[in-house]
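> Here's the letter readout for the chains.
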Amino acid sequence: MLEFKLLAMKKLNNYHPKSKVRVKNKNLIGGFNMEKEILIKIYQNIVLLRKLDEKLIELFTAGKLPGWIHPYVGQEAVVAGISPHVRKEDFFCATHRGRAFHVVKGTPLRSFVAELLGKKTGVNKGRAGEMHITNWEVYSTSSGIVGATFPMAVGFGLACKLEGGDRIVFCTFGDGASNRGTFHESLNMASVWKLPIVFICENNLYAQFTPSRLTTAVSDIAQRASAYNMPSKIVDGMDPIAVYEAVGEAVERARKREGPTLVECKTYRYHGHFYGDKWETYRSPEEVEAWKKRDPTVTFKERLLKEGVLTESLVKEIEGRIDSQIEDALKFAFESPEPSLEDIYEDL
Amino acid sequence: MLEFKLLAMKKLNNYHPKSKVRVKNKNLIGGFNMEKEILIKIYQNIVLLRKLDEKLIELFTAGKLPGWIHPYVGQEAVVAGISPHVRKEDFFCATHRGRAFHVVKGTPLRSFVAELLGKKTGVNKGRAGEMHITNWEVYSTSSGIVGATFPMAVGFGLACKLEGGDRIVFCTFGDGASNRGTFHESLNMASVWKLPIVFICENNLYAQFTPSRLTTAVSDIAQRASAYNMPSKIVDGMDPIAVYEAVGEAVERARKREGPTLVECKTYRYHGHFYGDKWETYRSPEEVEAWKKRDPTVTFKERLLKEGVLTESLVKEIEGRIDSQIEDALKFAFESPEPSLEDIYEDL
Amino acid sequence: MAKKTIAYIDAIREALREEMARDPKVIIMGEDVGLGQGAFTVTKGLYQEFGKDRVIDTPISEESIIGACVGLAMAGFRPVAEIMFNPFMALVMDPLINHAACYRYVSGGQVKVPMVIRTLVCQGRGAGHDHAPFYASWFMHIPCLRVIVPSTPYDAKGLLKTAIRDDYPCIFYEHIDFYPRKPNLGEIPEEEYLIPFGEADIKREGSDVTVVAILTGVKASLSAAEKLEKEEGISVEVIDPRTLAPLDKQTILNSVKKTGRLVVVETDFKTAGVGAEIAAMVVEEALEYLDAPVKRVATKDIPISFTNEKYILPDEQAIVKAVKELVLK
Amino acid sequence: MAKKTIAYIDAIREALREEMARDPKVIIMGEDVGLGQGAFTVTKGLYQEFGKDRVIDTPISEESIIGACVGLAMAGFRPVAEIMFNPFMALVMDPLINHAACYRYVSGGQVKVPMVIRTLVCQGRGAGHDHAPFYASWFMHIPCLRVIVPSTPYDAKGLLKTAIRDDYPCIFYEHIDFYPRKPNLGEIPEEEYLIPFGEADIKREGSDVTVVAILTGVKASLSAAEKLEKEEGISVEVIDPRTLAPLDKQTILNSVKKTGRLVVVETDFKTAGVGAEIAAMVVEEALEYLDAPVKRVATKDIPISFTNEKYILPDEQAIVKAVKELVLK
Ligand SMILES: Cc1ncc(C[n+]2csc(CCOP(=O)(O)OP(=O)(O)O)c2C)c(N)n1
Ligand SMILES: Cc1ncc(C[n+]2csc(CCOP(=O)(O)OP(=O)(O)O)c2C)c(N)n1
Ligand SMILES: [Mg+2]
Ligand SMILES: [Mg+2]
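Protein chains in written order, with this note's numbering: chain A, 1 to 348; chain B, 349 to 696; chain C, 697 to 1025; chain D, 1026 to 1354.
Don't read these hints as lab results, they were simulated from the structure.
Be careful, since some hints might not be right.
Pairs of lysine-lysine, BS3-like flavour, derived with a Cα cap of 30 Å [as the list claims (entries may be wrong)]:
| id | chain 1 | residue 1 | chain 2 | residue 2 |
| --- | --- | --- | --- | --- |
| 1 | B | LYS389 | B | LYS640 |
| 2 | D | LYS1137 | D | LYS1207 |
| 3 | D | LYS1050 | A | LYS194 |
| 4 | B | LYS403 | B | LYS679 |
| 5 | D | LYS1069 | B | LYS626 |
| 6 | A | LYS120 | C | LYS1017 |
| 7 | D | LYS1354 | C | LYS953 |
All values reported here derive from a predicted model rather than from experimental measurement.
Just need the whole structure built from these sequences, with the hints factored in.
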């Protein structure tokens, strides 16, 4: 029989000796050193991502969503924590699970949901689906090939460097992706050429149906940055403020043209690799429950309520607004036409 | 104009905090802690490799050697230092520059030279040439694709593990190869699966016509081992005893099934990437001269003479024997037939 | 001979299990093949039966997985790797093309590289441009590779067993349409059997036109043939080559000599695809027997998208149309 | 128009230099292209002229070089990458096939991916199985890629300039036989010129047989044609498609309609090679004009080794033989 072990959270610390990115020993509960709007933006994004995914899962279960779906549920604090740092002109590389980031980056919910439904009004004319979205209005893209975005990020980083200015690149990826050769090749290039790239690992402990410990020689992906003389940092990926701060420092380095940084966020997906897989075969329900106790939709909300950033009525208002945005997008998407035979010959 | 900087030798030390491979502070000049035969074997191999390459360069210059030639001259202390640890049944992966290792591993000089001349009597029937030799009698192979041997070494390592016993794998590679994605993928696998592989980097500061500092984010390739929780060590690759000792410890770990090790040897090639390139465009004559001052055919010989391991007459005898072996091999090779039209259909 | 009914997916698993039990040198490697029981459950149970040393869960490192198979194979093992979706073959071209295919020959026969890559053709599911295409002609082009395209449970089991015992690198295609059990049942012998490479199977005899079809094209061609027989009185011969390399040229040529007409059906892109080679081969060796142009029914030369498969993949109707154009005019 | 004489290698460098000077978005990337002046000196001097930010020396990381080009291209640049030897293309298939080729279409036209990969066909030098082969048909098979095979200084310069300005990923083949200056001189206009894709060049007119040839096959075909004319009175038309994708089908079809006979000459492996597609295309569209089987003169389907090129690569004699077989019997 297979044995399961509750994976303990590792001590969070820096790896690179010369790192300029330092863990701040700020007591967050005693007050945020951040603007209120930013905190609310982060909270809103957490709620949006959660509600969106739950809706998509509902549709998928009802057989109304074509293709597969890789739920992001549980990991929202990562992308939400990044979100305040991202400018429209910055490049962004998402993963197969990073679907929702395109929304955070600025893709209208309507064309986003229409894309997931394979409609002609989708952001990619229904050609991309959940895994392949590109929205070049806001310079976000993705790939269904795990690890293929690393070199693309290098290309974007070269473009930023050649153009001048302070445009930067965000590249998110999973723990599993860090075993692809492209990770190595591209982080080396990024470091040698001092490219303005923020590499953000969402370490959720699994790659598809396989626990990372069976396939990955380090438990901290951040440790790999030293192979490229790159600063790195590990943060609690269930805490959006921790993510916000670490990514903020990395963003600052990048905008100042001081080079790339690797930020590792320890996080977890509550659902399977794709919705409906048999995750009991490769992980224990106890482990899932332990992580759920740290759910950002609960813990972060409570913190914000306690600190007076949120009020119960504001929470209601936010939830209501997001619910109706999602409903509106769904309505739009369902009413939209599918691509026709003639449509397939466009853009060739 | 291009500027050149004399690349200083880096401080030699360990990188992996948990490394079991430690630098011994043995004063080598005060006496070797090794058997005399081993010292002589190492010396003989240095002489053999040097003489062989010089002969091949001579033939190449005279238009008598088909194809290109990547001279090993200057790096002999590395392979010679490894040689006493290698058993016939161990697997060995050589590089495009690792040609001569097949001889050290046990390939008869005759069929080796015949192969370089593209003769039917060559170890690979004249199908391999200098860059693609495989001698499966002694389990040595190579590839013309930089970095392609890393995963092959993983396969050999898995075989060793599955078979049981204490058979191991040697995998040599250049600094440039350490930037290939396969390096990363394979060292990760080797570590996760605790494979009995000794990875030996011959860091000669250049990859073809490009100085490593322009393309490689670390100056010590050994630093990369920490990305795989793998012990590593840096040694002076011009000193065969330093190589012998470090590789010896790695071999011991491997034979005891304690996992892979990365040994980096700081070394230098005196000639171009291939013989006849314009190396003045990418490095300075001063740099070349500085390295030549540490030539193992001179420095190691002097040490052995001083310690009484060698005598002048033994040196003469060794040189004479090697010269006549090479002459014999050349004669054999030149007199051998070329593959015929019918021969090309064999082994399909 | 006693027979039993088996599903395609189970036939593959049975071949794997039998060969692993028979030969301790047979090793399975790939992403999620072990603990996770396989991305599509093909390898389910084998990890429990044979242990983690023989059913190896790998990192996401396709190039090194296949490179490691080359090493294992040279060392005397018989690795069977899984590459989850066919376009991921793009990641393994160096170990496969520059190494696995060549080392036997280039070593002068000193080593052999027996290995199998099982890979999935995932078409018709909206899996997109990097999950759905199918590049069999790339591999037909390379000397010393085997390209295997089983379309029935019987072929799948018999050919996979042969592939595992073969001394050359084999690429073994599975099609996702074949995975659901219900519509993919077939009869196989109770006893062990193998199917030799390079022997096409005439899935239906006919006299007016030869249809050479692979994978899902076989079923589509058979139902097209039935329809054409019924509605137009056209007699269609359907040939499934089963292996594209080696290719059973003789069976195809014999059929064309009889019918004088050739349609090649596949779901790979048309240009420079499987159909190009088969058409060229026939025109080189049997031009004088051709009474009409060769037709290639294949995927339109457009990147596969989330939603365009219904428009660009060939279907029964396309086959019917092609045959009619050849026979009726 | 004023003309000048130029060597093939210099024509390529001139195209690079002109395009870099014209458009600051043109970037060169690759191993040893800068400080080291190029593995075969093709990019010599450009590093000095345009600086290290526009002529970028890369690590030995082929997959990421091409992946980075995809990113650069999406971001509005026009990268020109060098992949040192053609079989190293096996290392870049994922960024090229799954990304560069598809992103324009799959993004719904939002991005374009203008990039060029210059790569060397290094045959006839004993470079071996992983340095010498030539896989052009792989790329013909993929929608939205351009495959360019210039055989003269004029074609090389004009087509490379077009490739750099084109909005699709282009694979630009150079053959090592064309690098030495002496035998590879040709005339080009003093002024700027471009050659559109998809326009074959009839290098010699003839009436008895059509020979479609690429790269070194062109020269061999021309001298074979001369010999055949002189010795046998056979009139050979030699067509150089210059780009395999897009392919100028019309010029080939027109010629075959005139001559009734087709030989395709290339130095890629025969099976599922360039010749297969051209033969299949002709037989689909002009079967009724063919008076004889199509012949493919190509490399034997055997791994290329250190010493077997002289036996397996096609040469003038093989072309002569093929033409005679078609015409004289
Ligand atoms: C190159 C490649 N190999 C395999 C897959 C199949 N696959 C899709 S996601 C995935 C796991 C990725 O794990 P990780 O990077 O940790 O991201 P996560 O799914 O945990 O977010 C795998 C194996 C793929 N898409 N691409
Ligand atoms: C994948 C690949 N890319 C490029 C080359 C061309 N090439 C051959 S050797 C070499 C340099 C290798 O450098 P390094 O690994 O440091 O070994 P060294 O030559 O210094 O011994 C290059 C670029 C190749 N053979 N394979
Ligand atoms: Mg993960
Ligand atoms: Mg080097």
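> Next, verify each hint and record whether it holds.
Hint check results:
1. A distance of roughly 22 Å separates the Cα atoms of B:LYS389 and B:LYS640; the hinted pair therefore holds under the 30 Å criterion.
2. A distance of roughly 39 Å separates the Cα atoms of D:LYS1137 and D:LYS1207; the hinted pair therefore is violated under the 30 Å criterion.
3. Using a Cα cut-off of 30 Å, the hinted pair D:LYS1050 and A:LYS194 holds, with the two alpha carbons roughly 20 Å apart.
4. Taking the CA atoms of B:LYS403 and B:LYS679, the gap is near 13 Å; set against the 30 Å cutoff, the hint holds.
5. For a cut-off of 30 Å, the pair hint linking D:LYS1069 to B:LYS626 stands: about 12 Å separates their Cα positions.
6. Taking the CA atoms of A:LYS120 and C:LYS1017, the gap is near 29 Å; set against the 30 Å cutoff, the hint holds.
7. Proposed proximity of D:LYS1354 and C:LYS953 is supported: the alpha carbons are some 21 Å apart, at most 30 Å.
Going down the numbered hints, you'll see the structure goes against just number 2.
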